[in-house]
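Counting in the UniProt record's numbering, the sequence shown runs from 1 upward without gaps.
The set of hints was computed from the structure by calculation and includes no laboratory data. Just so you know, even glycine gets a beta-carbon here, dropped at the ideal spot from N, CA and C. Incorrect hints may appear among the rest.
What the hints assert, rightly or not - Each pair of labels, with its calculated beta carbon distance range: (1) Asp166 / Asp123: 25 to 33 Å; (2) His254 / Ile31: 34 to 42 Å; (3) Pro56 / Glu112: 45 to 53 Å; (4) Lys218 / Glu162: 26 to 34 Å; (5) Ser34 / Arg221: 47 to 55 Å; (6) Met86 / Arg38: 26 to 34 Å.
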Amino acid sequence: MNQGFDAVTAQLVLALARDGSIGRTAARENIAPSAVSRRISELEARLGIALFERLPQGMVPTAAGRIYAAGCRRIMRRILDLDAEMQAISQGRSGILRIAATTSALSGRAPEVLAEFARLHPDIRLELEEMPAVTNLAALEDARVDIAILPDNHDMSAFDTEPFDDDRVYVIAPSDHALAPALVASRPVAFCDMPLEEMVGFHEHGALDRLLTEAARKLGRQLGTRIRAESFSALVRLVEAGFGIGFVRATALHLLAGTDVAAAPLSDAWARRFQLIACRRASQPNPSVEAFRELARHGAPVPVTT
1 MNQGFDAVTA
11 QLVLALARDG
21 SIGRTAAREN
31 IAPSAVSRRI
41 SELEARLGIA
51 LFERLPQGMV
61 PTAAGRIYAA
71 GCRRIMRRIL
81 DLDAEMQAIS
91 QGRSGILRIA
101 ATTSALSGRA
111 PEVLAEFARL
121 HPDIRLELEE
131 MPAVTNLAAL
141 EDARVDIAIL
151 PDNHDMSAFD
161 TEPFDDDRVY
171 VIAPSDHALA
181 PALVASRPVA
191 FCDMPLEEMV
201 GFHEHGALDR
211 LLTEAARKLG
221 RQLGTRIRAE
231 SFSALVRLVE
241 AGFGIGFVRA
251 TALHLLAGTD
261 VAAAPLSDAW
271 ARRFQLIACR
281 RASQPNPSVE
291 AFRELARHGA
301 PVPVTT
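With the sequences and hints as input, model every part of the structure.
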């Protein structure tokens, strides 16, 4: 007997294909690992084909599993988009715009653009979630959000993207540091001229940490991290206290207000970064998405028609 499409199991297939671990998928989906294993096994038995290889290091999709996951993703996108459309209709609104943004994106101009969009389009409900970039892209791919705003150092080849905010890398130093005079004029400085032997690190294995580590490696140098911060605000305070130089994104420069810290942009090409808007490619454009993108580009309102 054909039991039809099961959205819960489909979501588990997508999560497991991405996570490669029943334990991680169970934690992500808030479900017991035994329930994940049972649902996948029952699905494979019903289809008569293995969707995953059970390996010592985890679960790897088979060729059939990759095809099934791609099909599930297409169906789940349609279901979630339809659900959002029905919610909008039931509430007498023109639509719902679901946005995922990283912490760094929300430290820049995103809040102002979101507020202006809400003012111009009161009939569109905004749903905003703050999440890490990788989760951000997964939510966009699975149609749980319509727009993702995140740094540009991720693989976004599957999406339509455009620049949203300047996110270049700046070096900062306390005012009594030997480097400070070169930063006061705010003219670009070269990374190779930075004293990397003693610095305040930021979020190990994060996007900025990876950028800096790779840049230092190409110079044949290592980052001499003396102490590590988990937020840009903490990094700025530690630099101001004299623990060394630090590096921040342009979206965090507002944290320097009222501090005794000098800053200048790096002149290196790799340091000229952007926050991007990412959207799924669709044959039928979402009017709310297009209105937000136009506002983000030009600050000019456009009518939303459905």
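Hints and how they fare:
Evaluation of the 25 to 33 Å hint for Asp166 and Asp123 yields a pass: the beta carbon distance comes to about 31 Å. Our hint of 34 to 42 Å for His254 and Ile31 holds, since their Cβ atoms are close to 41 Å apart. Hint check: Pro56 to Glu112, Cβ distance near 50 Å, so the stated range 45 to 53 Å holds. Between Lys218 and Glu162 the beta carbon distance is about 29 Å. The supplied range of 26 to 34 Å therefore holds.
A hinted range of 47 to 55 Å holds for the C-beta pair Ser34 and Arg221, which are about 49 Å apart. Remark: the range hint 26 to 34 Å for Met86 to Arg38 is upheld by a beta-carbon distance near 31 Å.
Checked against the numbered hints given earlier, the structure satisfies every one of them.
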